[in-house]
Every structure is written in structure tokens, then in C-alpha cells.
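Sequences are here, hints too, so could you generate the full structure?
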Amino acid sequence: MLYRNRITIARWTLWVLLLTAALVLQATVFNRLPLLGAIPQLIPVAVVCVAMMGSAETGAVVGLIGGLMSCLGGDALVFVIPILAFAGALTGGLCSIYFTRSLLPALLLGLGALLLCAVPTWLLQWYLGHAPLSALWHVVAPEVLISLVYTLPLYWLSWRISLLGRQ
Amino acid sequence: MNRLFSTRTKGILIAALIVAILCGVFALVRTEAGPLSNLINGVLSPVRSAVTTIAQQIESLYNYIYRYDLIVARNADLTARLAAAEEQIRDAEAYERENERLRDLVGLVEQHEDYELVDARISAWSDSNWGSGFRIDKGTNQGVGVGQCVITENGQVVGLISEVGLNWSTVMTILDPTSEIGAMVYGSGYMGIAQGDFELMDEGMLRMSYLSTDAIIRNGDQVLTTGSGDFYPQGLVIGIIVDVALDQAGVDKYAVIEPAAEIDTLEQVFVLISYDYEG
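Sequence order for the protein chains is A and B. The C-terminal residue of the first sequence carries number 167 in our numbering, and the numbering is unbroken. The C-terminal residue of the second sequence carries number 446 in our numbering, and the numbering is unbroken.
Since the hints were made in silico from the structure, they are not lab data. Beta carbons are placed, not taken as given, at the ideal position from N, Cα and C, and that holds for glycine. Treat the hints loosely; a few may be bogus.
As the list claims (entries may be wrong) - Label-pair restraints from in silico Cβ distances:
| hint | chain 1 | residue 1 | chain 2 | residue 2 | range |
| --- | --- | --- | --- | --- | --- |
| 1 | A | R32 | B | D443 | 52 to 60 Å |
| 2 | A | G37 | B | Q401 | 34 to 42 Å |
| 3 | B | E267 | A | P120 | 29 to 37 Å |
| 4 | A | V149 | B | E267 | 36 to 44 Å |
| 5 | A | I7 | B | I256 | 52 to 60 Å |
| 6 | A | P120 | B | I256 | 26 to 34 Å |
| 7 | B | A251 | A | R32 | 26 to 34 Å |
| 8 | A | P120 | B | T174 | 23 to 31 Å |
| 9 | B | I256 | A | L115 | 31 to 39 Å |
| 10 | B | D286 | A | R32 | 31 to 39 Å |
| 11 | A | L108 | B | L228 | 35 to 43 Å |
| 12 | A | P120 | B | R257 | 40 to 48 Å |
Structure follows, in C-alpha cells:
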């Protein structure tokens, strides 16, 4: 029992560190090297990848942590917190019931999470008059595509962490 | 949905919604960062600074290799000693730049004795595609507060403090679409509002709106702050005009301004924590 608790704590610590690393890299390295003119958003992808390794409950907690980090530590807007919690819960739930845990569902669910975060942000910026409608093509689309590229390393890392204590 | 989400999961989702609402309300009613934001940023700030420094080193190494390759192409017998000497020169140049900045700052402070400045290093750049900003390594502990103006050592406007923590602050640059400054064309005295523009942000430009149609403005005219409002003192350099056009309705004239501060390459900035409003 004690061993299992230790493994769970270690796994969660590593997942939170993974989210932190994603946030720090996004705010220090990737924002200085924007590919296709967009800065990748790693947190939604990281949340999905981690959520895939657990249940809906795991996903919701990871989403909540990821949302809080990207909102308070990054530049995301507050509504990203419930969106990421929902995306994480949905990912965890769907993967537990329907999907096999592999890269393709990670890409599809990552795409969903990215769109759930990016589209409302774009709509809000457009509504406030800070961005034109065309930003959907020249900001949201490249941001989502570039962010998806990082699914592979993030999925691999999340999977390796989930194997902790199972080998 | 019941099959997907257990009662506990639904509870977590509701908690996430409440947390988001609380964060939103907190951000509206308080200008300073909350304890949770301070905790996250307090921990992340040194990490960000360290990773930024490493990234800058890698970037400078990359630039160095690129330049070195060019030199090799021109001069095949460039020796390792020369490379070492170049490295020393680069270090010396970095010190010289810093020295120059500080000397300029002394000049600025001599010109404006009422200015009380806090120097700060940029620890991270904004990761948002919707705005322009960066984090600095100074916060309330050093007297930095929301709404204070951020300038370069030459008195060129960089932006405004939009959020502040204990040892960190967020700066919204003048390129951000939400930024607005009372501006005046130097010499002719035409007034307008220098505001960030989403389309121009990527090009590193901003626009000066609400100019009258009969305003005679030329490319190269300097744009200064008017000092209206409490944020920016009068006479700070915003930039120079690089283009003039009529808006879509054909009523108002607007100008495109190239900022005087090279915002993309900034390493160090100065927060104007107090100044004499009359001065």
C-alpha cells in the first residue's frame, strides 16, 4: 500500500513537472522562435497526453492544474481553466471507455483541446475589437498545427511516466 | 455523460469553474497579483530567467557559428586564437552596451531629475499570439506597481506595467492591441492616440489614430507622449512616422509608427516608478 502511494505521488509529481516544463519552454524558448508565425501552446497538448494515461478524474485534475498554471503563470485567459479541466476529463473518460491509448487519439484529442482553448480566445479578441476575423487563419490555425507537432514528445513522456512502478 | 464522468469528476469540473470565476473576479478587483499567482510566478520566475539565459546563450552561439561560417568563407585561415579574441570582443561589446545604457540613463536622469527609475531585466517574453508583452525580474519588493511606465535608457517608451507580483511584473508593450497612449507629432503639434494594432503588431509597428484629415504629417516625424492621463510623462519618444493613410471610412487620417525602442531586442528596461506630474 505504502509502495503504491509512493508510486502515485512520484507519478503525479512528474506529470506536474512535465506541465511546468511545457509552460517554461513555451514562455522562454518557443515564444522567441515562432514557427509559421505562431507560438505553440503546449499546455493543452500536455494536459491531453497526461489525461490519456488516467481516468476522467485524473484528466479533470490535470486539466485544472494545467489551466491554473497557464492562466496564472502564463498569458492564458481565465476561461481556459474550466475548458482544460473539461478537456482533460473528457480525454480521460473517452480513453478509458472507447479509445486505445496511442498517438492517433492523442493527436485528435489534442486538436480538440487546442481548438477549445484557441477558438473562444479568438472570438473574444474579435468581439473586443483587438483582432480581425481573419486571425482564425493566420493565428489560430498555425498555433493549433504547430502545437500538435509537440504531441509526440509529450505523449511519449506522459506514457513513460505512467509506466512508473508497472515495469 | 454519466458514463463518462463520475460524481467526483463532475465535482472537480465545478471546482475548476469556480476557480476560474474567482480568478476573473480577483483580477478585476485587485491590481496586484494574488497569493496563488505570486506562488506560481515566484517559483517560475527564476526558472524562466535561467532557461531564458540558456536560450540566449544558445541563440548567441548559433549566431556566432553563423557569423563564424561567413568569416571562414571569406578568410580560410582564420585561427582559433582569433575566435577566442572575438569572444573577448563580444564580451567587451556586451559590457560596452551595458555601460552605454547606464551612461544614457545617467543623461536621462540628469535631464529629468524628478524621474525615479528601477532597472529590470527581461526574464521571459509573452507566450500569447494575441498580445505583446514580457515579464521582468522586479516587482512590488522594488516599488514597481501596476500602471507604471516602462522606458529604455534613452527615454523611449516601451510599455506599461500590467500586472505585478513580489519579484516579477508583466509589461504590456506599446505594440499590444489594448495599448493606448496620448501622442503628439513633434514640431507640428498634431495630437492623436498611439495605439497597438493587431495587424501591425507582427511587423513591430503601432498606429496613431484620430488625426484630423487636414493634418500635414511627413514620414520621419517624431511622435512623443502628450502626458495626458496618469501613465506616461510628457515628452517621451514613442517612435517615428513611417506611413500616413486615411482610415477605411475616409474620415480620419492615421499614421503608422515605428517604435523608437527596439522592443524585440530589449534585454534591460527601466520602470518609471515616480515622476513630477507638473514637470
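Taking the hints in turn, this is what the structure says about them:
1. For the hinted restraint 52 to 60 Å between R32 of chain A and D443 of chain B, the CB-CB distance of approximately 37 Å leaves it violated.
2. One distance hint, 34 to 42 Å for the beta-carbon pair G37 of chain A and Q401 of chain B, holds here, with the actual separation near 36 Å.
3. At roughly 45 Å, the beta-carbon separation of E267 of chain B and P120 of chain A lies outside the given 29 to 37 Å, and the hint is violated.
4. Range check, V149 of chain A to E267 of chain B: Cβ separation about 40 Å, and the 36 to 44 Å hint holds.
5. A hinted range of 52 to 60 Å for the beta carbons of I7 of chain A and I256 of chain B is consistent with their spacing of about 54 Å.
6. Restraint check, P120 of chain A to I256 of chain B: a C-beta distance of roughly 50 Å breaks the suggested window 26 to 34 Å.
7. Distance hint check: the CB atoms of A251 of chain B and R32 of chain A are about 28 Å apart, consistent with the given range 26 to 34 Å.
8. Hint check: P120 of chain A to T174 of chain B, Cβ distance near 27 Å, so the stated range 23 to 31 Å holds.
9. Between I256 of chain B and L115 of chain A the beta carbon distance is about 49 Å. The supplied range of 31 to 39 Å is therefore violated.
10. Remark: the range hint 31 to 39 Å for D286 of chain B to R32 of chain A is contradicted by a beta-carbon distance near 22 Å.
11. The given range of 35 to 43 Å is respected by L108 of chain A and L228 of chain B, whose C-beta atoms sit roughly 38 Å from each other.
12. Our hint of 40 to 48 Å for P120 of chain A and R257 of chain B holds, since their Cβ atoms are close to 45 Å apart.
In this structure, the hints that do not hold are numbers 1, 3, 6, 9 and 10, in rising order.
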